[in-house]
Structure formats: structure tokens, C-alpha cells
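Protein sequences appear in the order of chains A and B.
Numbering-wise (my numbering), the first sequence opens with residue 1 and increments by one.
Numbering-wise (my numbering), the second sequence opens with residue 1 and increments by one.
Some hints could be false.
Copies of the same chain are indistinguishable here, so a pair counts whether it falls within one copy or spans any two.
Straight-line Cα separation of at most 30 angstroms, BS3-like style, residue types lysine-lysine; simulated pairs [what the hints assert, rightly or not]:
1. K19 / K147
2. K23 / K256
3. K182 / K99
4. K182 / K11
5. K194 / K157
6. K11 / K251
7. K147 / K23
8. K194 / K300
9. K244 / K23
10. K99 / K186
11. K323 / K103
12. K99 / K323
13. K294 / K251
Calculated from the structure, these hints are not laboratory results.
One-letter residues, chain by chain:
Number of protein chains: 2
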Amino acid sequence: MTKISEIGEFKLIETLTEKVKLKNSSTIKGIGDDAAVLDYGYKQIVVTTDLLVEGIHFDLIYTPLKHLGYKAVVVNLSDIYAMNAIPKQITVSIAISNKFTVKATEEIYSGIYLACEIYGVDLIGGDTSSSVTGLTINVTALGEVSKEDVVYRNSAKKNDLILVSGDLGSAYFGLLLLEREKEVFKTNPDVQPKFEGYDYILERQLKPEARKDVIAELKKINVKPSSMIDISDGLSSELLHICKASNVGCKIYEEKIPIDASTQNIAEEFSMVASVGALSGGEDYELLFTASIKDFEKLKNNEHFEIIGHIADESEGKIIVTKDGSEVEIIAQGWDGIKE
Amino acid sequence: MTKISEIGEFKLIETLTEKVKLKNSSTIKGIGDDAAVLDYGYKQIVVTTDLLVEGIHFDLIYTPLKHLGYKAVVVNLSDIYAMNAIPKQITVSIAISNKFTVKATEEIYSGIYLACEIYGVDLIGGDTSSSVTGLTINVTALGEVSKEDVVYRNSAKKNDLILVSGDLGSAYFGLLLLEREKEVFKTNPDVQPKFEGYDYILERQLKPEARKDVIAELKKINVKPSSMIDISDGLSSELLHICKASNVGCKIYEEKIPIDASTQNIAEEFSMVASVGALSGGEDYELLFTASIKDFEKLKNNEHFEIIGHIADESEGKIIVTKDGSEVEIIAQGWDGIKE
């Protein structure tokens, strides 16, 4: 096994990037100069960046390195889609202990390249460095969108429908399961982790996808959301972001929140309420968006998303109607990368 | 002192970014959505990213946090200028132990904002996270340039002049000085560090500048370099990058390498040869560029840069002519972020 300290930065970068093929005509120059060069003509560009830190965002005990690379890209693409834009380029910065093997870094990059392949984005640059301890990955993603199509989070209007794509809470319960089995393993390393039947929630946690298909579907049915955000920190937190930015209130219905059957099952196993995981868990990378009531016919009964409520006047507050009919103020208990 | 763990990520970001004012008309949307939105019309965009890791790239024992923030931005802008482009936007990702105070993070950001102010760039987004240990800063910078003006590193031609801006080696000796005084301090904390008279080399190490003025000067005298790179890892390493990318050789003259008098003095104090610091040290953030011999009259005797040699045929090798007249093959002993 070659330690990365043995080959040095330039050789490592060469090893990791020799397979890069540029896919987008807007990418004039990718890796190999001081900076990448893009040409977008009359399109608008969206830019986002996300940091994944070992011990904070991921645990290498149960996170395969390939999945980690994949996820590091996907969480950024999710932000690009949330602008109603199409991701085109990424840069990747990695700080990694030089005790890691070259093989390990290649594993990370194999996940990065797989995500690039599946989502049609170009890796156009990055930086690679030692770390004193721990692994840190920072991805910056760029995407394009025409002026008319870009969707912000500050433009939800009273009476707009509130929708979410896919289902929520699964990634959170996937994390709880991984943490539980880790504790069991720490107590008794001979016990095999119990992961059978949990494939869906584990995959949602370890290898999430960005909802490229939802953006395509909205285009297909000719609906432009009035506001949109991706759900990375829990539904509550994201909904409050939209309400705050748009100066509106909202009313959503607990029973409308889409939750997969396997998420429901494991929630019961943990003696928890599944919708709490949806509201306050994180890392679903689904899309939360609002749309005019005029688009109701186009949006209803679509397998890609669910109508969960509507935007209200700011004075009406941010309300969730629970299954028993009580109205409760929504508070953000979303995942916080800073608080302990 | 408020610990950052007490206020959480969103409040921290709010605290750190409330003063941001966008300066560039190409910045349609900065912080506050999933991604930033840029509009460049028919310009090309250049993108670069750099990672600074505590214990690898900086030592908080002698690095003021404000300087660190400033430097994290400047090293990226230097890459943008090296494309003959004008930096316009940056994103900043910071992973920081939540034992740091809010005041400390504000110090870092005050340096970031100062650099934004001085170089006319917009902070358009970022990510903030805890770290288990140590501080990591990743900056991504975007800049614009017209198609005709962009300068790559792979287009140096035989007989082109080789030039460097400013002077070299000072940042390296600044680092040696800081490390020396740190060792003295560790042995005897009562001894005050000896920094008088060393202002220039210390500033070059702790608060480097990107050569915006050199790019402006080249435009003013109407010279477009045939290739360009910024000097972050030592002159040898960067020159070899240009030669490799352009499939050429080179011949430079040790006596022509610009070295400041104070750098010369401290090199003697360390019983070292100053030009070794210039060739193999790092972090000068000067520009190394090549230009057609036809531009010689425009380039000679310019206070912004020095002609240090010329591009040769690949078969002639990469040669430095030392002060005693011997010809020596240039090898890269530049700073490597991975090797120990």
C-alpha cells in the first residue's frame, strides 16, 4: 500500500485526476491551471459549497470511502437543483492525513467520479492537502440556469401550495441504526451488525441522491416553483428558512408528510415517531418547494412529490397540524453543524 | 466570550455575514440561498479553490486570525490573476472547533472582508462547520476574463522571455524566522521574540498580497503574457510546471532572481543562500510569466517585474545558470502539501 506521503501532492493529484474527461461545452478549461475557465454565454451561474468534516458529518467506522466521495458531491448538486438550475462543474478540496493510503484516496475519488458521471458534471479543479488529523472534504458546485427559471427561497406567496419530493426521515433513521450497531460492535466486536432489511434507510444515509428527476419533472409539467430549498437539515428548519426569507407563515399537515414504510418500521423499533425524524432529522436531500394554487391540477397525484400544506400570512404563524388535529408552532430543531 | 457552540451555525453565519455588501453587477445573488447566482454575459469565468489546514499551512501560535482570513482569500485571488483574469466572487468554508469564541471567528472574517474590500470581490456563500480539532479554511474564487485575454500555463514558446514580479524568497525566510522564535519561546516563555527590523519578511509570510497591480500594468503597457502561473510553491516548481505544460525547456540566471535586501540579510543570518529560498521556498504569491521577445522594449526596466531568463527548446533542458557561471538542472523542491 502506497502512503500518500510517499508520492507527494502533484503525483497524487495526477493519479486521482488522470481519468477526468470534460463533458460540458461550457467548460473551457478544467484541471491543470491556476483556475478553471467556464463560458456560460447568456446563462446565469449558480455556485454553492459544502464542507464535510470527519467526526462531525461522517464516521469512517461505517462510511465506505466511495460512498463518502459520492455523497460529498451529491449534497452540493442538491443545492444547485434547489435553485432550479442544472449542475455543470465541481471543484473538490480534500485534507487527508498522510497515513491514508493512495488506494483510500482513490476510493473517495471513485465515488466523486461516479457522481460526476451520473449527474453529468465536470470536475474542474481542487486542492489536496495533508491534515494533522481527520479527513475534510469541501466541494464547490457550479450550475447554470436561465434568468427566467432561477428559483429563490424568498418568493413564496400566501396561499401557495407547499410540496416535498420523495419521502423524509429515512436518512436520519439510517444514521440512528448505524450508530446503534457501532455501539454494539464497540461492546462486542464479535457480534455482526444487523443490517438485513434496512437497505433503504442505510442507502438514504450513506449514498443519498440529488433530485435531478424532480427538476426535470417540474419542467415537463411546466410548473415553476414560487420558492424552493433542499432538505438537508430537516423539514422544520428548511420550511422556516422559506417563511423567514419570504416573510410568510405556513400550515402543514403531519399526516401528509411522506414517510416510507421501512422508515415507519424502524422508527417504531426505536420507539420514536417517524415524522419527528422527518421534521428534525436531516440529510434527506429532498426538495421542498412552493407553487401557485393555479398549478394544483398539474401537481396533484404526481409520484415525484406530495402536497403537505400551504403558505399562510406571516401573522398566522408557522403551524403544523398534528395527526390528532392539534395546531403546533413549528420550531427548528434541525441538524446544526456547529452546536454540540 | 461567546463560544460558537452557544449560538449555533445559522446565528454564527448571520453574525459573520450581516455586513456583506455586494459590489459586482455580475453578482445577482450572494449569500442567503442554496447557491449564489452570477451573470457574466459573454465573459469567461475562471474558478479556483485552495485549502488552508491548521498545522499544515499555518500555525496559530504566530498567525493572527485576521491575517489568516486575509491570506486565505489572497492565495486564491493570486490564482485568478495568474489567468490574467479579474477576481469577482469568493465562497468561504470554515471548519472550526466549537471551543473557539465567536470573537475569534469574527477576527478571521474581518481579514476575509478586508481582502474582499481591497481586491473588490464579493463573498457570495460558504459553509461553516465544527471540527473535532483544528481549523480548516477553504476558499473558492471566481473571476472573469474575456476570451482573448485568458492566459494559460501551457503556451510558452521557445525564445520567450521569462519574468517574475516583485521579489522572491521573503515569505520563506519569514516562516523560518517565526519558527525560530517559536522554538525560543517554547524553551523560555519569558524571552520576547526578536522581530524588530524584520517587518517586510514577516508581512510577506503572514499577510501576502496578490499582484493585481502587475495584471493592470501588463494591460497598461499592452503586453499579453504567453504563459503565466503564480508562485506559491517556489520558483523552481512553478517554472517546471510551465515547461512541462508547454513542452519547452528554459534557462534562467540566478543573479537575475529579484531578492530584497532584507531577505538577503536574514538568509545570511541563517547561513543560507537567499536564492535557494526563492527557488525552493514558497508562498511568495508573485507572478511568473513568459512573453514574446517582441515585447522586450515594453517589458525592460519596469519596476513591477524582472526578466530572469528565456524559454528554450525542450531538448535543452531546464537550466539555471548560477552566479559562478555553472549550468545546473532545475529540480522541483517546492513546498508540498502532502509529503512530510
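Cross-check of the supplied hints:
| no. | hint | in the structure |
| --- | --- | --- |
| 1 | K19 / K147 | between (34 angstroms within a copy, 27 angstroms between copies) |
| 2 | K23 / K256 | neither (40 angstroms within a copy, 43 angstroms between copies) |
| 3 | K182 / K99 | both (23 angstroms within a copy, 27 angstroms between copies) |
| 4 | K182 / K11 | neither (36 angstroms within a copy, 32 angstroms between copies) |
| 5 | K194 / K157 | neither (46 angstroms within a copy, 63 angstroms between copies) |
| 6 | K11 / K251 | between (55 angstroms within a copy, 25 angstroms between copies) |
| 7 | K147 / K23 | both (23 angstroms within a copy, 20 angstroms between copies) |
| 8 | K194 / K300 | neither (38 angstroms within a copy, 73 angstroms between copies) |
| 9 | K244 / K23 | between (38 angstroms within a copy, 25 angstroms between copies) |
| 10 | K99 / K186 | both (23 angstroms within a copy, 27 angstroms between copies) |
| 11 | K323 / K103 | neither (50 angstroms within a copy, 44 angstroms between copies) |
| 12 | K99 / K323 | neither (52 angstroms within a copy, 41 angstroms between copies) |
| 13 | K294 / K251 | within (18 angstroms within a copy, 71 angstroms between copies) |
Comparing the model with each numbered hint stated earlier shows that hints 2, 4, 5, 8, 11, 12 do not hold.
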